[in-house]
Amino acid sequence: GAGVSQSPSNKVTEKGKDVELRCDPISGHTALYWYRQRLGQGLEFLIYFQGNSAPDKSGLPSDRFSAERTGESVSTLTIQRTQQEDSAVYLCASSLGGTTHNEQFFGPGTRLTVL
Amino acid sequence: QKEVEQDPGPLSVPEGAIVSLNCTYSNSAFQYFMWYRQYSRKGPELLMYTYSSGNKEDGRFTAQVDKSSKYISLFIRDSQPSDSATYLCAMSKMGNQFYFGTGTSLTVIP
Numbered sequence: 227g228a229g230v231s232q233s234p235s236n237k238v239t240e241k242g243k244d245v246e247l248r249c250d251p252i253s254g255h256t257a258l259y260w261y262r263q264r265l266g267q268g269l270e271f272l273i274y275f276q277g278n279s280a281p282d283k284s285g286l287p288s289d290r291f292s293a294e295r296t297g298e299s300v301s302t303l304t305i306q307r308t309q310q311e312d313s314a315v316y317l318c319a320s321s322l323g324g325t326t327h328n329e330q331f332f333g334p335g336t337r338l339t340v341l
Numbered sequence: 044q045k046e047v048e049q050d051p052g053p054l055s056v057p058e059g060a061i062v063s064l065n066c067t068y069s070n071s072a073f074q075y076f077m078w079y080r081q082y083s084r085k086g087p088e089l090l091m092y093t094y095s096s097g098n099k100e101d102g103r104f105t106a107q108v109d110k111s112s113k114y115i116s117l118f119i120r121d122s123q124p125s126d127s128a129t130y131l132c133a134m135s136k137m138g139n140q141f142y143f144g145t146g147t148s149l150t151v152i153p
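Taken in order, these protein sequences are the chains called A and B. All residue numbers for the first sequence refer to this note's numbering, where the first residue is 227 and numbers rise by one. All residue numbers for the second sequence refer to this note's numbering, where the first residue is 44 and numbers rise by one.
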């Protein structure tokens, strides 16, 4: 289908390693969002892209987290020196963007486990 | 204080019951109010969307927004086992930053 895709679906890593999570938004969607969902918790906003720029990075929990987006398409979320508290499902969503409200479409998420 | 508060449940009801899910919020600037359904190990999917105050009905689902009380609700009539999921409320000011509740886990027992 033409929905939001994320890879990998599952990632197990050792504490201290870096990980890279990928999001492919719906074609034509200019807005892209990353969220973190810890077990039994709601969605925690991390970062929002409009095009390739990130007007709102306020949700990134520490400087170990960074994200980029290229070509108004694919985005990667990088977590450096992973810690056990980084274990969560990382969800990506995209929308048409712009100044009016548009529905967000979510990907299935990447389940990250830090041992 | 969190921007959006939602009782995590879990909530368990018999098939056919009416379910009421609620969220409260603190920021009066919120204009857009949404309910998402999330099945286990899936991403959330939009169920209902309301702008400003009022009611909106879609089949067995009704969303209500009371901005004066900063309170939103989702009602599910004639609940089915397939409605078993986590329900998340979400809201935004201008439409491009979204604040989510923690989600309420619902189980509908056949």
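What the hints contain is simulated information worked out from the structure, not anything from laboratory work. Note that the Cβ used here is the ideal one computed from N, Cα and C, for glycine as well. You may find that some hints are simply not true.
To be verified - Here are the simulated lysine-lysine pairs, PhoX-like style, with alpha carbons at most 25 Å apart: (1) B:K113 <-> B:K99; (2) B:K110 <-> B:K99; (3) A:K237 <-> B:K85; (4) B:K136 <-> A:K283.
Claimed, not checked - Here are the simulated distance ranges between beta carbons: (5) A:D244 <-> B:N98: 45 to 53 Å; (6) B:Y82 <-> A:G285: 31 to 39 Å; (7) B:Y82 <-> A:T302: 22 to 30 Å; (8) B:D109 <-> A:T304: 39 to 47 Å; (9) B:S55 <-> A:G242: 25 to 33 Å; (10) B:S96 <-> A:E329: 14 to 22 Å; (11) A:E329 <-> B:D109: 16 to 24 Å; (12) B:Q123 <-> A:E329: 39 to 47 Å; (13) A:R264 <-> B:S125: 20 to 28 Å; (14) B:N98 <-> A:E329: 29 to 37 Å; (15) A:S299 <-> B:A72: 30 to 38 Å; (16) B:N98 <-> A:G254: 27 to 35 Å; (17) B:P153 <-> A:T304: 17 to 25 Å; (18) A:V238 <-> B:E100: 42 to 50 Å.
Which of the stated hints cannot be reconciled with the structure, identified by number in ascending sequence? Hints 6, 9, 12, 14 and 17 are the ones this structure does not satisfy, whereas the remaining hints hold.
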